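Student: Use these hints to put chains B, C, D, E and F onto chain A, whose structure you have.
6 protein chains.
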Amino acid sequence: MKVKRGLLIGRMQPVHNGHVEIIKKIFNLVDELIIGIGSGQISHEINNPFTAGERVLMLQNTLKETEIPSDSYYIIPIVDINNNSLWATHVESLIPEFNVVFSGNPLVKRLFKENNYDVKTPPLFDRTNLSGRKIRNKMVKGKNWQSCLPESVVKIIKEIDGINRLKEINKKEINE
Amino acid sequence: MKVKRGLLIGRMQPVHNGHVEIIKKIFNLVDELIIGIGSGQISHEINNPFTAGERVLMLQNTLKETEIPSDSYYIIPIVDINNNSLWATHVESLIPEFNVVFSGNPLVKRLFKENNYDVKTPPLFDRTNLSGRKIRNKMVKGKNWQSCLPESVVKIIKEIDGINRLKEINKKEINE
Amino acid sequence: MKVKRGLLIGRMQPVHNGHVEIIKKIFNLVDELIIGIGSGQISHEINNPFTAGERVLMLQNTLKETEIPSDSYYIIPIVDINNNSLWATHVESLIPEFNVVFSGNPLVKRLFKENNYDVKTPPLFDRTNLSGRKIRNKMVKGKNWQSCLPESVVKIIKEIDGINRLKEINKKEINE
Amino acid sequence: MKVKRGLLIGRMQPVHNGHVEIIKKIFNLVDELIIGIGSGQISHEINNPFTAGERVLMLQNTLKETEIPSDSYYIIPIVDINNNSLWATHVESLIPEFNVVFSGNPLVKRLFKENNYDVKTPPLFDRTNLSGRKIRNKMVKGKNWQSCLPESVVKIIKEIDGINRLKEINKKEINE
Amino acid sequence: MKVKRGLLIGRMQPVHNGHVEIIKKIFNLVDELIIGIGSGQISHEINNPFTAGERVLMLQNTLKETEIPSDSYYIIPIVDINNNSLWATHVESLIPEFNVVFSGNPLVKRLFKENNYDVKTPPLFDRTNLSGRKIRNKMVKGKNWQSCLPESVVKIIKEIDGINRLKEINKKEINE
Amino acid sequence: MKVKRGLLIGRMQPVHNGHVEIIKKIFNLVDELIIGIGSGQISHEINNPFTAGERVLMLQNTLKETEIPSDSYYIIPIVDINNNSLWATHVESLIPEFNVVFSGNPLVKRLFKENNYDVKTPPLFDRTNLSGRKIRNKMVKGKNWQSCLPESVVKIIKEIDGINRLKEINKKEINE
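Residue numbers (this note's numbering), protein chains in the order written: chain A, 115 to 290; chain B, 115 to 290; chain C, 115 to 290; chain D, 115 to 290; chain E, 115 to 290; chain F, 115 to 290.
Note that these hints are calculated values from the structure, not bench results.
This structure is a prediction, so every number in the text was calculated from the model and none was measured.
Please note: incorrect hints may appear among the correct ones.
Because identical chains share one entry, a pair is satisfied inside a single copy or across any pair of copies.
To be verified - Mimicking SDA-like on lysine to any residue, the simulated pairs with C-alpha atoms at most 25 Å apart in a straight line are: (1) Lys116 with Asn251; (2) Lys139 with Ser184; (3) Lys178 with Ile195; (4) Lys178 with Val144; (5) Lys139 with Thr242; (6) Lys234 with Glu181; (7) Lys269 with Ser184; (8) Lys252 with Glu206; (9) Lys285 with Ile160; (10) Lys257 with Ile195; (11) Lys227 with Asp145; (12) Lys116 with Val144; (13) Lys281 with Val214.
Bound-form chain A, shown alone (with noise of 0.2 Å):
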């Protein structure tokens, strides 16, 4: 394998600027990158609004309007397994072969390492603004989560209410 192929997993609930930031920044060390977008099986809840579909659209629509080139990401939805021993094969086995692994996560961090991966922690970006639960908490709120998201990603979520299906899925249960 000679191409340089990188992975770069994140839930992206829901894909803001910080991960545009990253990305980009990766494509300094890499040829190619895949994108796993972890918990694939997981949304409508409070931290997990947006399904693996609406995800994978958030990001290659994102994607296509910088300078990255399309032919050299894959964007992959990853399902949970829920046993550590093999999550990393799992991943392993849903992608292209890679030999980097670029993640802020310990436990990813260490399962990659005992699978052999070279390991490194993603550039940084301004994490005081960009988080995903605090962009989840503003959208919630009602406060300004535009300005933290791309474009794309902004009309995304309009099409599908998705501010309205966060907003309900966070209200109390009336009996039991």
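Tutor: Positioned in the frame of chain A, the structure of chains B, C, D, E and F alone reads:
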């Protein structure tokens, strides 16, 4: 589909007087009612002490003593699927066709709305005293839980030694 | 447990006149009957065309037109568990307590015997004409399948476009 | 949703010239195409020798050498769910929204029709020589399989030692 | 890891004299041996009549009557995972580290080779008479199966009423 | 079944001196003991750092240095089934027949009681110092964990770089 058939889903841990009140009131709005016993595969937990089969029996024995005709309801256990995108379709596959959903649970409401159902909040009942959590609490503490439940349910819980089950699984573990 | 409650399990693809005959005869032997709809999660296959929900509806609509009291039977979908050692316990967890099992399936008989149940072979009916496989065959070939089924079942199959479903999934694939 | 986005699902074991022909023709009918790699979790079988990741790579490497713009298709592994009632919804959750389905598989067609999609039979190609089964057969027997596959696929199969994999899993077991 | 530890995987339905022969011979090549009982979750089938627990007992009772030291082997049920890409890693997670695999199954051999193990074909034994399939056949037909099995296994099969289990599940179903 | 065979289930994360003490004392009450390694599929978590295979090895290496005869115990990983109604039957299917259960876990005790087993609380040991949670805590903080574990376990944890594994997965995630 000419008949007006509703769906009510609840974990019913255990079936209590509030459930019976709601079901009676819903029958003013529908011809038939499907009652889905949620989290069907879960039992022997503090918040889910009874098996699906025990809850089916509680409900059928209770309803047969009301004036509701037995051939106008369906009691069906619904096992969890742990995938919100699939859950409403999963329920659809297990039960007869329906055209209105009654639920006080925000996620359930949202998921059926996204599947294009008419979703209504179920009629209110005395929620100060009647709530699954409060009743289970009384059972563990040996307080008067019987007054909150239909007689048939009290009888079943005694037959299956249900109070001891709840008390025992509530104990602390000795060592690890 | 004083009531004599039986269990009958069948895939009922579809519910046919033989099932009704059997159920009527079993009611000479029991007070109540649980009817488990087997392979509940399977549908849209040549040998399993109908969903659990469709089969529940077929059976309840059929039985409500017999003399059997509606509050003496339970109709419950049973999803497969693909583990024979656990299957009988899995069924036990989903349905009310029972004390006799009716089955013509050797594996079902053995598994419940190993769980210490009284297992009986169900009463016979006209097996020359009434068999799921033969009836599905007639449906695909456009022969007279209606005469083998209760009227309510014929009506449901028409409403859900069931014959076309069966015919379409029976076609050969064009290319791989 | 203004863009016309299609869905094509195939196991692509392996990606062959027929797939490329079909995809090119479908692009006369749609703006964007989602290509679902079916049975994503299955590999190392006679009829499913390659992993999802290997098939993603085959397809992306092949398509990037065509004139189809790389930002107009999505290549996404679809793991089986073994529940026909849920399958189309499962696919919907993993991929971007789409409005037309291309499939020659009768079950796939039926399932998407029941979910109210426009379903089309994909354009024809030379099916006498191009079929997954025939190509795998040639691989096992050492016949000229290379001429049926895009060059990039031939290269990948060599890199992963694919022919030996197929030949080895095709052997008989020595003893039980 | 200084000890030479081997892995042998078999379904052992049932444990027979051939298995004992092989295990003895393998101990000429290794210090310790892990014996994985394959398809651990499968039982009560014609080709898989015995539970994992029954097979563990058969094997331990048999081996303790040989000269092989009891502290040099590990008997561990391996449940199926139905994903060939993950299977070898799944086995690795359930058993102690090992450095050589013994298998006559082409898929098992290939999967462990792809995980970089040294894989050997196990030593031969009298395969004309000793094969799981042939022995199960003798059991069903009431022929002399006892001579193919270690005495401890014969005893266990009698205690669990194993022959009747096999004969009963081999019967035809009466009706559908 | 004439032999008195007990069952002890524990997660053993990791095997510590308390486990050895208990096992020795239980052997005063039984002829044979099955030791089930609970949550077998879980590893690489703060509270469950080690794989089933690593725990099997820890236990077998430890016990072979005691006076307990190696052919009188069975060490078997038990994967979780996440269904309390089925769990005791699931355990039964994976291990040899047994007639007494030792457990300090209230749920385990209840589930086996409902399956009609004789259930005993295991003999006590020095719980002030010996508890899985406390020992894992010492590992993370670099305190003297070695004194709580049998020598063989200390050796294995060093060989598999276990302390670093625990420390790494204990770190906070950088960004989402």
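Student: If a hint holds in the structure, say so; if it doesn't, say that too.
Tutor: Status of each hint after checking the structure:
Taking identical chains as interchangeable, the C-alpha atoms of Lys116 and Asn251 are never at most 25 Å apart, the minima being 43 Å within one chain and 30 Å between chains. For the homomeric pair Lys139 and Ser184, the shortest alpha-carbon distances inside one copy (16 Å) and between copies (21 Å) are both at most 25 Å. Taking the shortest alpha-carbon separations for Lys178 and Ile195, neither the intra-copy value of 30 Å nor the inter-copy value of 31 Å comes in at or below 25 Å. In this homomeric assembly, Lys178 and Val144 come within 25 Å of each other (Cα to Cα) both inside a single copy, at 18 Å, and across copies, at 18 Å.
In this homomeric assembly, Lys139 and Thr242 come within 25 Å of each other (Cα to Cα) only inside a single copy, at 19 Å, whereas the closest approach across copies is 48 Å. In the homo-oligomer, the alpha carbons of Lys234 and Glu181 lie at most 25 Å apart inside one protomer (23 Å), although the nearest pairing across protomers, at 35 Å, exceeds that limit. Taking the shortest alpha-carbon separations for Lys269 and Ser184, both the intra-copy value of 20 Å and the inter-copy value of 22 Å come in at or below 25 Å. Taking identical chains as interchangeable, the C-alpha atoms of Lys252 and Glu206 are never at most 25 Å apart, the minima being 35 Å within one chain and 28 Å between chains.
Proximity of Lys285 and Ile160 under a CA criterion of 25 Å is satisfied in both settings, with 10 Å inside one chain copy and 24 Å between copies. For the homomeric pair Lys257 and Ile195, neither the shortest alpha-carbon distance inside one copy (35 Å) nor that between copies (33 Å) is at most 25 Å. For a Cα distance limit of 25 Å, the shortest separation of Lys227 from Asp145 inside one copy, 21 Å, qualifies, whereas the shortest one across copies, 30 Å, does not. With identical chains, the CA atoms of Lys116 and Val144 are at most 25 Å apart within one copy only, with a shortest distance of 11 Å there and 35 Å across copies.
Taking the closest pair of Cα atoms, Lys281 and Val214 come within 25 Å of each other only across two copies (22 Å); inside a single copy the shortest separation is 38 Å, beyond that limit.
In the structure shown, a violation is registered for the earlier hints numbered 1, 3, 8 and 10, in ascending order.
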